[in-house]
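Use these hints to put chain P onto chain X, whose structure you have.
Chains X and P, in that order, are what the protein sequence lines are. 511 is the number that this note's numbering gives the last residue of the first sequence; the numbers go up by one with no jumps. 511 is the number that this note's numbering gives the last residue of the second sequence; the numbers go up by one with no jumps.
Rather than coming from a laboratory, the hints here were simulated on the basis of the structure. The structure displayed is predicted, hence computed values, not measured ones.
Lysine-lysine pairs mimicking PhoX-like chemistry, simulated, CA-CA at most 20 Å apart:
| hint | chain 1 | residue 1 | chain 2 | residue 2 |
| --- | --- | --- | --- | --- |
| 1 | P | K200 | X | K200 |
| 2 | X | K200 | P | K205 |
| 3 | X | K355 | P | K458 |
| 4 | P | K203 | X | K200 |
| 5 | X | K205 | P | K200 |
| 6 | X | K203 | P | K200 |
Each pair of labels, with its calculated beta carbon distance range:
| hint | chain 1 | residue 1 | chain 2 | residue 2 | range |
| --- | --- | --- | --- | --- | --- |
| 7 | P | G194 | X | G194 | 30 to 40 Å |
| 8 | P | G194 | X | R81 | 46 to 56 Å |
| 9 | X | E226 | P | E226 | 29 to 39 Å |
| 10 | X | S131 | P | Q85 | 55 to 65 Å |
| 11 | X | D380 | P | E96 | 54 to 64 Å |
| 12 | P | K442 | X | A164 | 32 to 42 Å |
Cβ atoms here follow ideal geometry from the backbone N, Cα and C, with glycine treated the same way.
There are 2 protein chains.
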Amino acid sequence: MKSYKELSRKELQRLQQQLSKAYEDAKGKGLQLDMSRGKPSAAQLDMEMDFMDVLVSSSDYKTAAGLDTRNYGAMDGIPEAKELMAQMMGVASADQVVVCGNASLTIMYDMVSWCMTHGVLGNTPWCKLDKVKFLCPVPGYDRHFSITEHFGIEMITVPMTEDGPDMDTVEKLVAEDESIKGIWCVPKYSNPQGYSYSDETVRRFAALKPAAKDFRIFWDNAYAIHHLYEDGQHEILDILSECEKAGNPDLVYEIASTSKVTFAGGGISAFAASKANVEQLKKFLTIQTIGFDKINQLRHVRYFKNLDGLKAHMRKHAEIMRPKFEAVLKVLNEELGGLDIAEWTEPRGGYFISFESMPGCAKKIVLKCKEAGVVLTGAGATFPYKNDPNDSNIRLAPTYPAPEELAAATDLFVLCVKLVTVEALLEAKGDEQEVKPAV
Amino acid sequence: MKSYKELSRKELQRLQQQLSKAYEDAKGKGLQLDMSRGKPSAAQLDMEMDFMDVLVSSSDYKTAAGLDTRNYGAMDGIPEAKELMAQMMGVASADQVVVCGNASLTIMYDMVSWCMTHGVLGNTPWCKLDKVKFLCPVPGYDRHFSITEHFGIEMITVPMTEDGPDMDTVEKLVAEDESIKGIWCVPKYSNPQGYSYSDETVRRFAALKPAAKDFRIFWDNAYAIHHLYEDGQHEILDILSECEKAGNPDLVYEIASTSKVTFAGGGISAFAASKANVEQLKKFLTIQTIGFDKINQLRHVRYFKNLDGLKAHMRKHAEIMRPKFEAVLKVLNEELGGLDIAEWTEPRGGYFISFESMPGCAKKIVLKCKEAGVVLTGAGATFPYKNDPNDSNIRLAPTYPAPEELAAATDLFVLCVKLVTVEALLEAKGDEQEVKPAV
Numbered sequence: 073m074k075s076y077k078e079l080s081r082k083e084l085q086r087l088q089q090q091l092s093k094a095y096e097d098a099k100g101k102g103l104q105l106d107m108s109r110g111k112p113s114a115a116q117l118d119m120e121m122d123f124m125d126v127l128v129s130s131s132d133y134k135t136a137a138g139l140d141t142r143n144y145g146a147m148d149g150i151p152e153a154k155e156l157m158a159q160m161m162g163v164a165s166a167d168q169v170v171v172c173g174n175a176s177l178t179i180m181y182d183m184v185s186w187c188m189t190h191g192v193l194g195n196t197p198w199c200k201l202d203k204v205k206f207l208c209p210v211p212g213y214d215r216h217f218s219i220t221e222h223f224g225i226e227m228i229t230v231p232m233t234e235d236g237p238d239m240d241t242v243e244k245l246v247a248e249d250e251s252i253k254g255i256w257c258v259p260k261y262s263n264p265q266g267y268s269y270s271d272e273t274v275r276r277f278a279a280l281k282p283a284a285k286d287f288r289i290f291w292d293n294a295y296a297i298h299h300l301y302e303d304g305q306h307e308i309l310d311i312l313s314e315c316e317k318a319g320n321p322d323l324v325y326e327i328a329s330t331s332k333v334t335f336a337g338g339g340i341s342a343f344a345a346s347k348a349n350v351e352q353l354k355k356f357l358t359i360q361t362i363g364f365d366k367i368n369q370l371r372h373v374r375y376f377k378n379l380d381g382l383k384a385h386m387r388k389h390a391e392i393m394r395p396k397f398e399a400v401l402k403v404l405n406e407e408l409g410g411l412d413i414a415e416w417t418e419p420r421g422g423y424f425i426s427f428e429s430m431p432g433c434a435k436k437i438v439l440k441c442k443e444a445g446v447v448l449t450g451a452g453a454t455f456p457y458k459n460d461p462n463d464s465n466i467r468l469a470p471t472y473p474a475p476e477e478l479a480a481a482t483d484l485f486v487l488c489v490k491l492v493t494v495e496a497l498l499e500a501k502g503d504e505q506e507v508k509p510a511v
Numbered sequence: 073m074k075s076y077k078e079l080s081r082k083e084l085q086r087l088q089q090q091l092s093k094a095y096e097d098a099k100g101k102g103l104q105l106d107m108s109r110g111k112p113s114a115a116q117l118d119m120e121m122d123f124m125d126v127l128v129s130s131s132d133y134k135t136a137a138g139l140d141t142r143n144y145g146a147m148d149g150i151p152e153a154k155e156l157m158a159q160m161m162g163v164a165s166a167d168q169v170v171v172c173g174n175a176s177l178t179i180m181y182d183m184v185s186w187c188m189t190h191g192v193l194g195n196t197p198w199c200k201l202d203k204v205k206f207l208c209p210v211p212g213y214d215r216h217f218s219i220t221e222h223f224g225i226e227m228i229t230v231p232m233t234e235d236g237p238d239m240d241t242v243e244k245l246v247a248e249d250e251s252i253k254g255i256w257c258v259p260k261y262s263n264p265q266g267y268s269y270s271d272e273t274v275r276r277f278a279a280l281k282p283a284a285k286d287f288r289i290f291w292d293n294a295y296a297i298h299h300l301y302e303d304g305q306h307e308i309l310d311i312l313s314e315c316e317k318a319g320n321p322d323l324v325y326e327i328a329s330t331s332k333v334t335f336a337g338g339g340i341s342a343f344a345a346s347k348a349n350v351e352q353l354k355k356f357l358t359i360q361t362i363g364f365d366k367i368n369q370l371r372h373v374r375y376f377k378n379l380d381g382l383k384a385h386m387r388k389h390a391e392i393m394r395p396k397f398e399a400v401l402k403v404l405n406e407e408l409g410g411l412d413i414a415e416w417t418e419p420r421g422g423y424f425i426s427f428e429s430m431p432g433c434a435k436k437i438v439l440k441c442k443e444a445g446v447v448l449t450g451a452g453a454t455f456p457y458k459n460d461p462n463d464s465n466i467r468l469a470p471t472y473p474a475p476e477e478l479a480a481a482t483d484l485f486v487l488c489v490k491l492v493t494v495e496a497l498l499e500a501k502g503d504e505q506e507v508k509p510a511v
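Here chain X stands alone, though its shape is the one from the complex (with noise of 0.2 Å):
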C-alpha cells in the first residue's frame, strides 16, 4: 500500500470524499460498541462459574490451620490466600504478602493515601511537605494518573520503551530531585501497550539511590498470569528478591489482583514489598479493617489450589481473548498497514493495544469513532492530566466486546482513522502550499 504521505493534494482529496462518504455509511448503521475499558466478555465470566460451586452450604469453612473463614480473624489474609498470592505475583514468600480486598486499585489508594496522612517508614507526611512529585511512565494507566492527581500530586511523564521506561531518564530525576516520591509502573504487560519490563530494566529499578529516602516503587503486577499464548510468554524477574539483592529492600510496594482472573470486582487484591514495608502497612491495616472477605479468599484458593491451577485456567481466558486481538490486528494490518500514518503495539498479553495514530489526530479519532457509535477509551486519558502532548495515543480495549462487534468496531476505527489523517495530511498541505483547486 502506498504512504499517506507520499500522496498528493489532488489524491488526498479524492480520498477524503470516498472516506467521508464510507463515514456517514457507518454512521447510519446505528453502531453502539464499547472499546473503552479493560472489561473481560461475557463469554470469559460464563466459563468460570463452577468458581462459585466451591463453597456451598455444606462446604466446610476453615482454613488448614482450622480457622472460619466466616468470623473476624486474619486480617492480612488467610496463609492459604497470601500463598496461592504470591505464586502469581511471582514473589519469594508468602510472608511478604497481605491478602486484601476486592480492589488492586483500593490498595494503591491506600498506599498513596497512608503516604500522604503518616509518611513511609518515619519520613513526614507527604501532605506536609510543600511538593510531592511522581513519576508516570506514558502512555500509562489513566487510574493511576487519577490517584496521584487527586491527591495533588505533580506528575513527571517518562518514555516508555519496549524494554520498559526509559531508565536514564527515571535515574537521573529520582537522584537529583527529592519531592520526586514515587513512580508508576505496569511492569508485565504494561497497558496500554503490552511491554514487559527486561532484565535490565528491573535491576536498574532495583538499584536506583533516589534522593528521597521516601521514594516508592509503585509496582502494580497487573497482568502477570495474563498471557494470550503459549509461546513466547513474558517473564519479568522478581523485583522484591532484585531490590534485596541491590540493597535496596523496601524501595517497591507490588501490587495485583485477580480481577481479570475470576470476576472484575468479586476478586482478591494483594500487596507485597519488604518486612519492614509490611510491618508499617499492617499498622495502617490494623485500623482500617478488621479483616477482609476470607470466604472470597478461601473461593480463590479451593478453586485454583496453586500456580498451575492459576496458569490452566488462565490459558482458558486466553484462548477466548486471542481471537479478538487477533481480529483487531488483523484489520489494523490489512487496513493501515503501509499508510505510513499509524503505529501500534502487537501484544503477547495483558489487555489492551497501544495505537499511536499521526501526531494531533488522537481527539478527532475518537470523537469520529464515537458520534458513529463506538466508545473508546478517551484520547489523553493514557498521559497524566489527560494531557497528550502529541494528541497522537489512542487504547484500544479488545476483551468486551463479543468478536463480531469488535470486527464492525475496528472497522469503523480504521475508518476514522484514515478520514482524520487525511484531512491533517490536507490541512498540513494547504499551509505548505495555499493552491486553489480549479473550479
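Leaving out everything else, chain P in the frame of chain X:
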C-alpha cells in the same frame, strides 16, 4: 446480700481469704476462654449457611436492571442492595445510600481520611489545620477511637447517659470550638452499653449549630436490626430526615454493615448521607475503586429480599444470643447483686454488656481474669487513648463463647470482681485507720 462497703475489716479479710482460695482453685482449671470481642458464635454462622447457596454456577448474576454483577460497573452499589441497606438503616431513600465493601470500619476510616486529605465540601483539609478534635461519648467503641488517634485527632470525652450522649455538653462544645470536627456515635444498642438514643437526643443532634462548618456526626448504626428480644425493641429516629427538617441536611454521615447479619468480614457495608455529601464521597470513591464486590451484594439481596427477610433472620440470631446474655446477667445478678460494688447494663440488643466496677479496679479485674485464662476486652479500651480515668469500665462480649464456656467465664469474672474489690476496700480501710492486727 450485704453490701461489701458495710463489711468490717475483719469480715473483708476473711472474705479475701476465701476468694483468694477460690481464685487459686479456678486458676488450676486451665481455662482458655475469650469474652473480648463482639464476634458471632459458630452456631450463628452455621445457622445461615443456605445463604451460600443462592448464588451458584447455575444462578443468574444480573440485577433487575440487567447489570452483570460479575463485571465492572455500579461503583456505588447495585440498586437492589442500596434499597436493602436503606431499609436496614431506616433511611428514607435508597438514593441516599452507597453500598461499599465488606466493612463499615473501612468506610469510617476512609471518611476521616478523606476529610484529612481533601476536606469536607470545600472546607480546608483537616491535615492542613493545626488542631482537629473529635467528641467521643464514653464508654464507646475502641475502634472508633483508634481511627481518630491514628490521625492525630484530639479526642474529648463526653459522658453517655441512657438516652445517648450528654447533649448539653455536646451542644456547648461544638458551638464554641471550631476545631471540633466530629463526634463518634453508636445510636442504637450502643457499644458497649446497649443504650439507644432518645428521640430528643436525635433531634438535638440534628439541630446542632457547630462552629465548624465541616463538623460531621459519624453515625455508626451498627446494630440497627440487632434486637435480642421481641418485645421492647429499641427504635431510633432517622437522623438524616431529622437533619433535613432542622435545616442541617449535611451534618451527618451514617454507616452500617451486615457483618453481624451474615458473616463477620463476609458481609456488605453502606453509608448514607445527604445529596451533597454523597456526591462528594462518591467522587473520592471513583478514584479509589472501580467498584465493590457486587456478587456479594446480589447474594444479600437474593437471600433477604427486604427488611422483613432481614428481621426474620435476626430473630434466629437473637434466639442464639439471648440465652448467652441472660446467662451472664444471671450470674452477675446472683453473685454481685446487692453487694454495692458494681453496676452493669441489661441490653435489649447489640453485642455487649457494659460493666462498671468500683473506681480503680477494672485493670486489676481484667488482669486477674487473664491470669486465670479468661480474656476480656482490655480495661480502658472503651475510652480514648485506652485511658479510663476511673479505671472502672469493662466491656463484656458474651456472643462468641459456647454457653457452658460462658458460664465458666462469668463465674471466674465475678470471682475476680469480688476479690479485687475486697482488696481495694481493705486498702482503703488501711488508709483510714492504721490498726495493726493483733498477732
